[in-house]
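S.K.: If you're matching them up, the sequences are chains A and B in order.
According to our numbering, the first sequence is numbered sequentially starting from 1.
According to our numbering, the second sequence is numbered sequentially starting from 1.
Be a bit skeptical, because a hint or two may be false.
To be verified - Which stretches of chain A does chain B cover? Using the computed rule of at least three CB atoms under 8 Å from a CB of chain B, they are:
no.: 1; region: 70–81
no.: 2; region: 857–870
no.: 3; region: 934–940
Calculated directly from the structure, the hints in this document are not laboratory data.
In this text, a Cβ means the ideal position worked out from N, Cα and C, and glycines have one as well.
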Amino acid sequence: MSKNKKTYWKGLEQLRNDPEYVKHADKEFVDLSVENDPRHSRRDFLKMMGFSVTAVSLAACEAPIRKAIPYVNKPLDVEPSIPNYYASTYINGGDYCSVVVKTREGRPIKVDGNSLSSVTMGGTSAQVEASVLSLYDNYRLRGPKIGADNASWEDLDKEIISKLSAIAAKGGQIRIVSNTILSPSTKAAIAGFKEKYSTTEHVQYDQNSCYGIAQGNAESFGGPFIPSYDFSKAKVIASVGADFLGTWLSPIEFAKQYSQTRKISEDKSEMSTHFHFESNLSLTGANADYRTMIKPSQAGLVVAQLHNLIAAKAGASAVGAGIQNVANLSQAADALWANKGKSLVVCGVNDKAVQVLVNAINSMLGNYGTTILTNKPVNFRQGNDAEMNTFVSDLQAGKIDGVIFYNCNPVYDHPSGAKIAEGITKASLVISTSLTEDETSTASGFKAPDHHYLESWNDAEPRRNSFSLSQPVISPIFKSRQVQESLMVWAGMSAPDYFKIVKNNWKNWFYANANSGVNFETFWDKCLYDGVYEKPEDAAGALQFAGDVNAAGSAVSSTYKAENTGFELAVYESYGVGNGTQANNPLLQELPDPITKAVWDHYVTISQKDATQLGITCDAEGRTQLVNVSANGHSVKIPALIQPGQAYGTLGIAIGYGRTKVGRVGENIGANAYPFLAMVNGSLNGNVTSNVSIENTGESFQIAQTQIHQTYMGRGSVIQESVLEEFKQDPYAGREFPKISKWDEKVDPGTVSLWKGHDYNNHHWGMAIDLNSCNGCGACIVACNVENNVAIVGKDEVIRRREMHWLRIDRYYSSDGDEHDYNALEKASENPEVVFQPMLCQHCNNASCETVCPVAATTHSTEGLNMMAYNRCIGTRYCANNCPYKVRRFNWFKYHDNQKFYQSNPSMNTDLGRMVLNPDVTVRSRGVMEKCSFCVQRIQASKLEAKKERRTLKDGEVVTACQASCTSGAILFGDMADPTSKVSQLLKVTPNEKRPHSPDKNIGNPRAYRVLEEIGVKPNIYYLTKIRNKIAEKSV
Amino acid sequence: MIDGLYSIGVQQGYQPKQPIAFSHKIHAGQYEIDCKYCHTGAIHGRSANIPSPNICMNCHTQVRTGTNTGEAEIAKIYAAIENNKPIEWVRIHNLPDLAYFNHSQHVNVAGIECQTCHGPIEEMDVVKQYSLLTMGWCIDCHRKTDVNTKGNAYYDKLLELHDSKQPMKVEDIGGLECAKCHY
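Throw the hints in and build the complete structure from the sequences for me.
M.R.: Put into structure tokens, the structure is as follows:
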């Protein structure tokens, strides 16, 4: 082969070896002449490319065409953008609240209390506040179903009627099972059904049964009833296990009354004394002046002992039961006796023997007619445990052919749930009227969903002679039907109209006897407008206590034990999720429990001492272990939570969890605790005193908690508290006056400032929060969430401290630690005193967040508000870092239209859920800071109303959502520049002479303090000191 | 180029075709019907409201033939009512969700003429967006405009404390503050 070596040229230039070629030969890229053009740099090129690409894409995606669609025929009373308010009634089983519903363009968006009601008096609870979101629950049944298939109402009715007729023809038994029914018109509808099908019986049961109380009263007074209680007239309150502020009987009403006895000032320095005896630390126990830990097995004996102590004073005979060495018990007896007729003993133990003794005590104390009103019995708990048990055994025995589960879910929330699920397979007709496909309706052949209460006409009689109306505030969203109409259809009525029936009932029952002097339509309109109607009260009855105390005493002594060595279980109703009916409501799942501050989780509470013995550890991040708890043949595996204030040897487990069919939000959280309940002395009781075992599995689990620091570490400038005796001598008792040092002297923190302050020419919004009234319930948190479109973030994000709540309630336990031993101070006492402190943006006059914002997204207004412009915020989070109160919340994610938050935050992620959003408040996006705005949308709306009417703004026109929801009246918002406003009067605001419109107003109320006064940020929120009515020494 | 960037999202001059060739020139100009007769919300609330067909029918039960379009356009109102199908107007004035604007504050309280922001509407056959509707445009007006305090007791205290040599502008009583429009 030739050794021919070819040479390749890139081009002729190389071949020729042009000088131009040689110059660039070693460079990979040939310089472009444009690079050397001084007018265009490379950066310019990128800029131009960037801009033209942006411009082209922006031009390409022109603003979308948005439609504006008016009504075809605008309803007269709906004005777009202007809210309407309707009085209605929240009914959930036996839970009742008279409410006012705010609607926008026909959508309910907020529920507030109705102050015209003599029962709930304008109060609400977290569950009432959250109920508006349950209306838009995506898991609601879209319409009737036969088996698993969608059906039409006609087909459903036809099948049901034929089955009912068949049952009637052979004389088979029919049962209507429900929770407590408050509505007299519903009862009339049920009676009508019974007329048609004479073998029908109506069985009522309650998840949180008070049957023992009614039976105790039957034995004491000759007939079962539950009286009204008036805590506002009680100077001494003793409660044995009755969580009357949280879950017992009528908590909204009781919280309202109780708060009236807890408000004090220099002029009125009297308040009630509250003794509490319980196993779990309840909301009520946390508010008590004296709290004593007892075991459930001792509860009956504590009542018996109290009876004997009072009997000794009254000269009556003692009963043969009792218990020695219960702390504070003889003190309670002394205080009760000293306030005869102005005291009240209540007991949450659902045992008629114990209740007879309670009645005997109250009778000896002369409380009937003053704090206990037998002429006004209440209907909140009409459940009959005995009848329900008979129903279960009949069902199991196959004696019942037809069952209608009227808006109830006993498969889940009755201890015999499993038996019921098994028994209904033997019945030929099973109907469930639940709104959602729950445990019971899944097991039922026919699903005939009822309307939500906000879509329904109904009435209620919560208390004898006090009535209230429900009216629909939205037309039915789905093809549901009022259950009363369903019953009437099945009873053979054609096209019944429940509205007309309710109206007609009211005409016959009330109008006919009212002598109101107006025609019926006017009378009806007034009732509908007010939401409530009161008949004249019955004369105060002269019921004489006629119970057999000795028999009760011996029953108590055989049931209860003073010394029980084994573990005991106290099943309680959780404050947020309650009995579990609203378990699919994320507002309630993410509402921190008032005591444990846990969210989205179910747990067993255990004392520190017992936990140590079992080797259970809880760290500051909520990391704990799963334990197996068994009792009454039922076993659950849930995490343990170490709870200060938990009685030794006792465990607390909440009902309301462990739902298996409820919807994506609440399904499979925790375990069902209902099967733990058992019959004691003829009624269902949540206290299990024998054969309770707990075993540490060692498996780790993390509970999401919103507060992990238990004590305030002796920081007197955060919580300032004292006792009544000291307060009487010095209204400044408990106050701390921090000073800051100048070079020559120590001065008040407010007197030295870098800033010249603000002039508030018109309004100066401020808030006073009375720590003595606040019972920590958390209704304000839910109200704030709903009003301000606050995102619900879910368990994982809460664990990462990313909950979005604008308002939190800090719960602090007292500590036995030495004030200089910080490690010891971190540990809560075994039976701690508890303080609740609502914490929200303090709207500081010298706000430390404002000075660090690099883009001036948070600024101060001429009305004293600390404003937050979301669209300006770039998310540096400097402000949150600089906020001494840690109330600023950062949007780590886009919580709306984000599949990741579909489960936890349906109100921003489903078309149905979005209907609940407040259209006057922006839904925030990712990467911006947010915080309490003092409900600025409400301030602006009220100001505008005043301007439109050409008048000044009146005090009380602007009410923040938290204030409106606060049953206790602990939160007071108003204009501090208006000397006549309630907040000015309460705080005794006087202008500072140096600067007439200065933020440095003089506050004359000796109880008023600002949190962290020493740092000089000058908040516009003042707290009033916590005063306990107890002797200064710590009780044991 | 900067100016160009600022104009992104600004739809001044936006004049879309509407489902009904409704002429403001005829109704507001020629017949001098008060704006608030149809736009009922302007004095009451946040939105001025596009009238629902039942308002149209107050006159159009009688008036069946239009000046420009004959019967065709008016027939669309009847059709909407007969079929119970709302008319889908194209929204011209779009403020971003993050800005709160209330008509009644401006129309009722301040007594501003509709034309101040919406332009000579009585001359428009087809309505277009007359103003910029940018925040700068809002602020500019809040800086220049005197507060209409006449006969309105709400402003008494503010007036009393205001330096009386200068007229009280919206800006002077907090009209430029973020939380007046953004919340």
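S.K.: Work down the list of hints and note, for each, if the structure agrees.
M.R.: Hints and how they fare:
| no. | hint | in the structure |
| --- | --- | --- |
| 1 | 70–81 | holds (count 8) |
| 2 | 857–870 | holds (count 10) |
| 3 | 934–940 | holds (count 3) |
Taken one by one, the earlier hints all hold for this structure without exception.
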